[in-house]
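Novice: Below are the chains, spelled out letter by letter.
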Amino acid sequence: MDALLSGQLLVAALVTGALYALTALGLNLVYGTMRLLNVAHGDLVMIGAYVAFWAFTLLALSPLLGLVAAAALAALFGLALYHGLFRRLLAGGKAAQRLEANSLLLFFGVSVIVQNLMALQFTATPRGYQYLDTVYRWGNAAITGNRVAAFAVAVILCGGVLAFLRFHVTGLAIKALIQRRDAAAIVGVNVERVQQLALCLGFASAAVAGALVSMTEQISPFMGFPFTIAAFVVIILGGLGNITGGIAAGLLLGVLETYGVALTSSAYRSILVYGVFVLILLLRPQGLLGGRRIVR
Amino acid sequence: MIRKFSIALAAAALFAAPAAAQNIKIGFSLAKTGLFAQAVPSQLNAYELWREQVNARGGLDVAGKKRMVEFVQYDDQSNPGNAVKIYEKLITDDKVELLLAPWGTPHHFAVAPVLEKYKFPMVGNTAASVQLREIKPGNIWFVTSAIPDKMAAELVAMAKANGYKTAGIVANVLPLAKEIKASLVPALQKAGIAVKVSEEYPPDIKDMTAILTKVKAAAPEALFVLSYPGDSVLYAKQAKEIGIAAPFQFVAVGPTMDFFGKVVGPSANGLVTMGHWSPAKADWKRAKPFYDAYVKKFNEKPDYLDTVVSYMSLEILEQAVAKAGTDKQKLRQAIASMTFDTINGPVKFQGVQNAITPTAFLQIQGDELQLVWPKAIATSPFKAKTGW
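Chains E and B, in that order, are what the protein sequence lines are. So the first sequence is numbered by the working numbering: it starts at 5 and just counts up by one. So the second sequence is numbered by the working numbering: it starts at 98 and just counts up by one.
These aren't lab readings, by the way, just hints derived from the structure by calculation. Here a beta-carbon is modelled for each residue, glycine too, at the ideal position from N, C-alpha and C. Incorrect hints may appear among the rest.
To spell it out: a stretch of chain B is covered by chain E in this simulated footprint if at least three of its residues, at any positions, have a beta carbon under 8 Å from a beta carbon of chain E; those stretches are [what the hints assert, rightly or not]:
id : stretch
1  : 125-136
2  : 240-248
3  : 290-300
4  : 322-335
Restraint ranges, calculated between C-beta atoms of paired labels, are given here [said to hold, decoys possible]:
id : chain 1 : residue 1 : chain 2 : residue 2 : range
5  : E       : Ala156    : B       : Asn152    : 49 to 59 Å
6  : E       : Arg141    : B       : Ala288    : 33 to 43 Å
7  : E       : Val139    : B       : Thr189    : 56 to 66 Å
8  : B       : Glu185    : E       : Thr248    : 47 to 57 Å
9  : B       : Pro478    : E       : Gly11     : 32 to 42 Å
10 : B       : Pro210    : E       : Gly113    : 33 to 43 Å
11 : B       : Glu213    : E       : Tyr278    : 39 to 49 Å
12 : B       : Glu185    : E       : Tyr140    : 50 to 60 Å
13 : E       : Gly164    : B       : Asp301    : 42 to 52 Å
14 : B       : Glu149    : E       : Gly11     : 45 to 55 Å
For reference, chain E alone in the conformation it holds in the complex:
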């Protein structure tokens, strides 16, 4: 019981939750605006992690700066994919209707290619480095510097994106596109530009999450899949395409995992997470904060 009330678990829950929220944010933006199911999302996390790793190892660049490079590179990758793969498909009539299902296959292909290119280029050997690994203690809680940094960046970014969506005109356009795609076009939203922007933003935020993760764990070309799964659980919990809901669900998942395991056993982690996931979907099929109109 003491352990439950200790700050240690709260710290763990918040850090895990914030990283889940940030990872899921990008997936949600891409799904929300374009209805693309990006199963290569975890691989963008991996790319971000590698950029931060090489920037740190070769250029002695702090991962907190390396994450800018990671974000830029992932955004460029998003732009290339948009123009190379999705633009024509999104514009077409029948093809666009099937795109949600087809995007699953397309992104699966992208995922396999990206993973294997990275493995060919850098081998599958796990890699890592140490950065900000001093342990800070407050009362009965302790936290490593790099986890404080990861938490802070994740919170600032999630907050920043929320504010952008709420107050900036382009952000509002993204929201409009998420809520009513056809109506948004009618009222003058430049759908193509907004889609591009959302895709780049989504890819970039995944890469930032990767750069943050690289500070705390080892990386490899095949590290992405668990992040894809976690991100999907989070955005479905929060309501597909609902950005605020996704962030709340990320934090909830962090709390659920940490405290659930503390109360029971780690062996029950998956049962707990997916049990609650199924329960919420049974009670609220549209997700925690999802509006029915968004779910198709």
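Start from chain E and add chain B according to the hints.
Specialist: Only chain B this time, still in chain E's reference frame:
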């Protein structure tokens, strides 16, 4: 999926000029992609280093005749079922003359019946399970001495010799960890060491705070973390954060790999891990030259576990082939009866198992991994872990 490179290699071998016909084709599949892909470079590097060294010496000595080594390699995508098909293909279609082992216990078990069917001898390497003793001897042998039940007995002996009276167990639910745990718990009881805390966790664990908070409260003197490479790093990082203070901390798989030191850094100092090799062991004459050659080629340290057992399996094959050639019957007899000189000292098989190399443990001491147990082969005495 068969890698293009391998197809090209096989095709090149088929249509090669007569001069290249003297090459000896050696086949294998590895989990180059999929679940186990991270573990494979340790093994593949050993294979590549060996091929380079053998070819630099003018080729593999096949019963007195030197032939250049050529690999026929495939990716089994971490799927033992694929490995079965690939080894059949290697034997019947690619017509390789020798086989090297795939990665991991499940793959060794999967290809064992294929070897038996074609009576094709292969020296296994990266497999460790009590069940390997149940494989019919004759065409497969295992060089490792890190068999789970033996490890459990030696771990308890080591804890007892150092006077520890309480223990904790934190175990992954994957097979190797389960097998060690199954033998560890009764061995600890028998030795009068009380188990204060015992926790299990799934392979996809991302946070150990809850488990380690319980461990910290129980404060065992000896802590056995039965982990795999990814969760070993997670343990080391979070144990440092939470302040696990056990003087004896065993972390099963991971600390022997080069990346572990880079990710965890000096705070890993004092961790004990499985492994029965060290380049510092002076009377294993081949150990240091192997270490130096590896570091020179790959610019990183070898994995003291997988790279070492993989390289040992190649040394054994090389010495057996030098004596017996590639005739399967003669080769089988040679592997089963000879005593081999390896980087890990002498090796001789009894049934499918290595009968000479002792089950041993390494400890991270500064920048080096030192053999600390059993004392007969120790390169340095065990030192209690003092903080992170």
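Novice: Now tell me if each hint is right for this structure.
Specialist: Do the hints match the structure? See the list:
Using a Cβ-Cβ cut-off of 8 Å, 6 residues of the stretch 125-136 of chain B lie near chain E, which meets the minimum of three, so the contact claim holds. Counting residues of the stretch 240-248 of chain B whose beta-carbon sits less than 8 Å from any beta-carbon of chain E gives 0, not enough to reach three: the coverage restraint is violated. With 4 residues having a beta carbon nearer than 8 Å to a beta carbon of chain E, the stretch 290-300 of chain B meets the requirement of three or more and the stated coverage holds. Using a Cβ-Cβ cut-off of 8 Å, 5 residues of the stretch 322-335 of chain B lie near chain E, which meets the minimum of three, so the contact claim holds.
Remark: the range hint 49 to 59 Å for E/Ala156 to B/Asn152 is upheld by a beta-carbon distance near 53 Å. For the pair E/Arg141 and B/Ala288, the beta carbons lie near 36 Å from each other, so the given range of 33 to 43 Å is met. In this structure the hint that E/Val139 and B/Thr189 lie 56 to 66 Å apart at CB holds, the actual value being about 58 Å. Take B/Glu185 and E/Thr248: their Cβ atoms lie about 55 Å apart, and the range 47 to 57 Å holds.
The hinted window of 32 to 42 Å between B/Pro478 and E/Gly11 holds, with their beta carbons roughly 39 Å apart. Between B/Pro210 and E/Gly113, the C-beta spacing of about 35 Å keeps the proposed range 33 to 43 Å intact. Taken as a hint, the range 39 to 49 Å holds for the pair B/Glu213 and E/Tyr278, whose Cβ atoms sit roughly 41 Å apart. For B/Glu185 and E/Tyr140, the Cβ-Cβ distance of about 57 Å falls inside the hinted range of 50 to 60 Å, so the restraint holds.
Roughly 30 Å separates the CB atoms of E/Gly164 and B/Asp301, a value that falls outside the hinted 42 to 52 Å. A beta carbon spacing of about 54 Å between B/Glu149 and E/Gly11 agrees with the range 45 to 55 Å that was offered as a hint.
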